[in-house]
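This is what each chain is made of:
Protein chains: 2
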Amino acid sequence: MKWQIILKVQGLLLIILSIMMIFPLLFSLYYKGNDTFAISLALIITLAVGLLLAVTCKVKRNIKAKEGFIIVSLGWILASLFGGLPFYIHGSFGSYINCVFEAMSGFTTTGATILTGIENIPKGLLFWRSLTHWLGGMGIILLTIAILPFFGIISGHLYKAEVPGPTKDKISPKIKDTAKILWLIYTGLTVLETILLMFGGMDLYNALCHTFGTLATGGFSTLNSSIAGFDNLYIEIVIIVFMYLAGVNFLLHFYLIKRKFKDFIKDREWRFYTSVLLIAITAITLNLFLNNTDPHFMMKNEISGEFKNNIFMALRAAAFQTVSITTTTGFCTADFNMWPSFSRILLVFMMFFGGSAGSTGGGMKQIRVLIIFKKVLNEIKKMAHPKAIFYVKVGKNHIPQPIVSQVTGFVILFILLFSGVTLFLAFMGYDLITSFSASIATLGNIGPGLARVGAVENYAFFDPLSKVVLAFSMLLGRLEIYSVLLFFYSITERR
Amino acid sequence: MKWQIILKVQGLLLIILSIMMIFPLLFSLYYKGNDTFAISLALIITLAVGLLLAVTCKVKRNIKAKEGFIIVSLGWILASLFGGLPFYIHGSFGSYINCVFEAMSGFTTTGATILTGIENIPKGLLFWRSLTHWLGGMGIILLTIAILPFFGIISGHLYKAEVPGPTKDKISPKIKDTAKILWLIYTGLTVLETILLMFGGMDLYNALCHTFGTLATGGFSTLNSSIAGFDNLYIEIVIIVFMYLAGVNFLLHFYLIKRKFKDFIKDREWRFYTSVLLIAITAITLNLFLNNTDPHFMMKNEISGEFKNNIFMALRAAAFQTVSITTTTGFCTADFNMWPSFSRILLVFMMFFGGSAGSTGGGMKQIRVLIIFKKVLNEIKKMAHPKAIFYVKVGKNHIPQPIVSQVTGFVILFILLFSGVTLFLAFMGYDLITSFSASIATLGNIGPGLARVGAVENYAFFDPLSKVVLAFSMLLGRLEIYSVLLFFYSITERR
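Chains A and B are the protein sequences, given in the same order. Its first residue numbered 2, the first sequence is counted upward by one per residue in the working numbering. Its first residue numbered 2, the second sequence is counted upward by one per residue in the working numbering.
Chain A with its partners taken away, still in its complex shape (with noise of 0.2 Å):
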């Protein structure tokens, strides 16, 4: 392993970076915002040590597996780093570890902020805030279809690259064109997202940055009161869907482009991620309405007004909240922390479930989720058939026995990182109900929570140590947790 190789990766990386800032640089003119000398700073600095560390370091030879593993770990923390220097610079985020905290959690997708009065931040930085999002969410698709499969990572999606069948990978083997090819993806979307909300009364400013927090499934909003605050049914609607969109497999946006549509339909994570959103939609907006629950829109139209059941608002309210909260986008329309005990656990269970493997969405992915339950059948049935030999399908492939085995280790260990960073945060002080909401809404890269990190609330009254370990929770859950395991276990590993 060496260093040299490593650094001269994230220089490049701080590279891309400086030149992103230009983008909130422009907007932080164009307002004239306060914050032109603090954004002009952070892209200086991280220009400057951008070039120093590509230009100090030679590199001679290819990137070894385990040095993958550490370049993207790093690179995201460096990222965080620098990319928390905007809001540090400019003073009005608190103190360095807020500004990395909110960077990490840009980064990762996350959504979960420390700000308490969005509205008196300056546009420019807020413009930041949202681009953290979507190069998060670009950052991660290419890693997971487009990198680490070189790198012998076998992600629970890849299960179809590894056995032969009709929905086997047929994009270009080649890294280069597969990255090309989401890219385009990507930035159409992109595109086709901010038009949409333009067409909802939108400024281009607003727009971008809701759609950037759309497609990465982040979630930062420019409003405190996040989607709310617009209070357009025509809006929801369309972050409704491009949620949605956000949390299907790439690939899959891939065979729409092509016109396989029948490829799509015959996806089985596809199906089931759909058939978990409808489910859970359904079972939450009964729940709303059969007990008479307002479903505490956070309009400001819906505080003054009385509150008339109505399934309709129940079915809005549901609808918007499940795929958020599923999708791990993180958006609210309403403080679903008011709602029936039913519908908060199933949110929170939702939270594990995530988005599909191969998409912007956090969670523990929805065909590692289809993968155990199939297992868990088989070794029921493998007891009433001691001596047949059942084997896990999805659709009509076999999953491998290490894969299988690969995907029930992961979750075993997702759930173990989450009770750890419950246990830790119980025992900082925090609750019980924020402790263990707070742990899988950040690991699960989703954002709120329930209790004191609910939709209307934010991350501001942790103290710093839980902000860090909250930070590095995100990180965890958003490089799925090996590779950041295996760069402390390459560090520490005696030869």
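Hint data in this document are derived by calculation from the structure and do not stem from the laboratory.
Identical chains share a label here; the pair holds if one copy fits it or two copies do between them.
Derived pair list, reagent style DSBU-like, types lysine-lysine, alpha-carbon separation capped at 35 Å:
1. K59 / K388
2. K375 / K397
3. K3 / K375
4. K394 / K3
5. K394 / K375
6. K181 / K382
7. K3 / K382
8. K394 / K382
9. K382 / K59
10. K388 / K267
11. K181 / K394
12. K261 / K375
13. K9 / K382
All values reported here derive from a predicted model rather than from experimental measurement.
Following the hints, complete the assembly by docking chain B onto the known chain A.
Showing chain B alone in chain A's frame:
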């Protein structure tokens, strides 16, 4: 599959059950309680139905594996249906669902009660209630160590029998002999604890009832305030020691008797179980002490007394509650629902760990937790060395892949069922903490949970349907889930 053979065994079981009812009858007669008629009538009904089934059903061949599962599941259900008869006929336990809940809670060694005023119940009935623990505890040891392996069930601890090595089970290979030895150990421990408790000032009746509750890791007490009611440090220490012993694999007690101390000490599950307990006790003691928390002893003199922070009092409360909860007993000396979040959550996690395999303890079992920890560690190592092959090792023994697979399947199924019961309770309108803690407290066969099912509370307030689901959850937990699910799978499976 022949129903005749299944029903005949059920008949024999009911006959044994009716014979066991003689003991509470004797106590009822001795204390001249008003429960003599209820117990007598229940005894006669149970005996009559038992004889009817045993005589009318003809059996010509041995029991097959699948029939074995049904016999076991149905056995526990019938025992609860008939075991609840004395309570129902007497009338002091309320509805028949209440009575079956209480009997199921007894036979599954859960110890969750629907009684609000335990001291008002006649002593014969309370003795029967505690005796159900003892019978259930014995049943589960016989089942998991002596009987199930012969039906092809690979229980967590049974890897020892599967692989050669120094810890291989050396008890007689014949079921009857094994069963006999286990009976002797169980009875021996019972006599010993009863005598030790009587030394502490308990009368025979109380000593027996609490011994049953301890050795079965049950938790029913004859007092509303549980062990706190005796306010006696000696009694607490005796019960801590015997709860601990009840959570150890009973095969290890056999080693102790044979003076094979080395084999005892070498056992990896025992080491893990003991380490987990020591770590948890230390953590909770420090948490209570450093947070300046009143342990909330449920003893009368504590209620009026002023609280002074004292590390020995913290240790006294922490040691008792940690051992009680981890071994899934559920006796209480302090109201741990009033403890800081960290201690509460840690106790909830301990509920998942549970006792050792082959003990009377519930939960997921220590060996399974140990195996999944090792499995997860392996998956991380695999990422660093993709071409190397790693085996899950416990001590010097490799755990074969099918067993690792079954263990992970079990753990995931356990978590899924926990989630399912939690969702159901939330759906019925109970609050979040009550829902999830009642779910694990029943599935793990513990008894007390948090919030409305906390140490000073009971299960009386649940609606009838929830009581049925909770009773079923106890059964699922007690029979290690698979056998119960297989029961339904066998019935519904189409050929």
